[in-house]
Amino acid sequence: MNFLEIENLRKDFGGGSGVRRFDIAVERGEFISFLGPSGCGKTTTLRMIAGFEQPTSGAIRVEGRDVVALRPNQRNIGMVFQSYALFPNMTVAQNIAFGLKIARRPQDEIKRRVDEMLAMIKLPSLSGRYPYQLSGGQQQRVALARALAGKPQLLLLDEPLSALDAKIRASLRGEIRDLQRRLGITTIYVTHDQEEALAMSDRIVVMNEGRTEQIGAPFEIYNRPATRFVASFVGTLNVLTGTITDADRGAVRIDDHEIRLGAPVAGAKVGEARSFALRPEAAAISAPREGDNIMRGAIEDVSFLGAIVRVKVRFKDHVISLDTFNNSAHAPPGRGDPATVSFAPADVQLLAGGQA
Amino acid sequence: MKSSRLGPWLAIAIGAIYFVTPLIATFEFSLRMKRGEYSFEAYRVILGDPRFQASFGYSALIAVATIILGVALVAPTAYWIEYKLRPLRPVVEFITLLPLVIPAIVLVFGYLRTYNSSSLIPFTANPRATDLLLTFGYVTLSLPYMYRAVDTGLRSIDVRTLTEAALSLGAGWGAILIKVILPNVRVAILSGAFLTFAIVIGEFTLASLLDRPAFGPYLQLIGANRAYEPSALAIIAFFITWAAMGLIQLFGHDRRAAMTGR
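First to last, the protein sequences are chains D and E. Sequential numbering of the first sequence, starting at 1, is according to the working numbering. Sequential numbering of the second sequence, starting at 1001, is according to the working numbering.
Just so you know, not all the hints are guaranteed correct.
Okay, derived cross-link-like pairs now, DSSO-like style, lysine-lysine, Cα gap no bigger than 27 Å in a straight line [what the hints assert, rightly or not]:
1. D:Lys122 / D:Lys101
2. D:Lys316 / D:Lys269
3. D:Lys122 / D:Lys111
4. D:Lys101 / D:Lys167
5. D:Lys167 / D:Lys111
6. D:Lys122 / D:Lys151
7. D:Lys101 / E:Lys1179
8. D:Lys111 / E:Lys1179
9. E:Lys1034 / D:Lys151
The hints are simulated quantities; they were obtained by calculation from the structure and are not laboratory data.
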């Protein structure tokens, strides 16, 4: 039996559908991220799991028990909010102890647990401070400790790092993941930051307009996007539109170049227009390997990003953006220079629903 | 002084003169009870008057009851509107503003008509029940101030997220309100409480027409029959009101300092 099962979950709002049909089965100890743009339904889904929103229909089962009818304070689900939501009138220790006091745990147990939590978040000396005396990162650590103090069966995090600066975000990301692995707590993490989702998750649920676009491991989501939306939302992507010249051979004409795909295009007819995806790191302007596709164009733009140099090459109707590593021995190419772009047939992904 | 600065200073000076001159005149007059010399005789007479002590004590007690009832009514209402029923806010704001446009005399005649001794709910049949009716009346009169103060406090905190955080930690509505929400709007509630106190202490119409021995009717009685004592009373009443305002500032400042660490 899966630890968390969500079936046919739907939430209708006045104007339209918040979440259309959401299904997922989560194993105990898994770290799942809901990834998508604003308004895609990821937070609404999380809030339905927490009990703050009532689903229009569908079931949410935790260890086989349907929790939809339970109030949020009966679900034993810990939650961490984007705005920390620490109680301003309470010290760090009082914030962490809040849930334990509500549960009427013995005083010595509360003290022991608070000390454990403070040690866990590496802030044992700040127990007497008020939230306003802490930095954003410290506040979010305390919020995490508070959510975990009562040993919830499920941990929900609603964009917990988005209010923090980039450096703190990166370090806290690692700390949250380490903590989650150590405690083995099943976690649902909502974010619109693809890097965060890719770095932290066991699986990612990519959502768009209230619908699930794809569920998969980060490697799968990034390298084998199921839909055009996933391909464009996760990572940077070149979307190319071409016409089929030989479906069985996987041959396609893009601008004035004929390129090969890694596999035949099943069911396509000659002359049919299709969309394809090519990751920037899959293309190169160095010497092509045998069997690579080759397209000749001119450099349109060069962005020096430090370790990476992002080059845009213009063809007739398309621009391909590609990433190369910085090489201190060679200056980046100049704008207007001719360029030969090469990429392996297997790196060109046919997009589902990609009929252009 | 530059001419650009002269205008504001002039406006402040005119405002101050307009405000302070009558006060100084009243205070000066209140000191003239003894012929040929300034003294606090009028204050001694007033403060020594048992009717002053009794009426002030009565009004203070009714004010405390009004504050308790007002907070118990307004705080959960304003909280629930902020948390769940935001579309209803304009309606509730309109209702809470009604006491400002409906005169107290209309209110008290309505009470007397509805709750007289021969009615179904005879609040005016005995003094204690009339005290209760007076308290209800004061809760209504102070509603615009109490609601606005509490509502402003609630808007300054993230009620929804704090409530949801407490809910996810297992808290029920009572615990959320008492342990999380009210402590964070303490200053707002105190502001509403002091404003209510200032209103109740000087109120005349309700107390007089309900025939209760409150401070307002005592002020009127002294004003109608004495020469110097009314001025002394006016200064005392003014001092009480300003002490209430000062306490709002004091508590507000302490809390702001605590929240910002300054």
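Practice item. Could you check the structure against the hints above and give me the numbers of any it violates, in ascending order? Key: Checked against the structure, the hints that fail are numbers 4, 5, 9, while the rest are satisfied.
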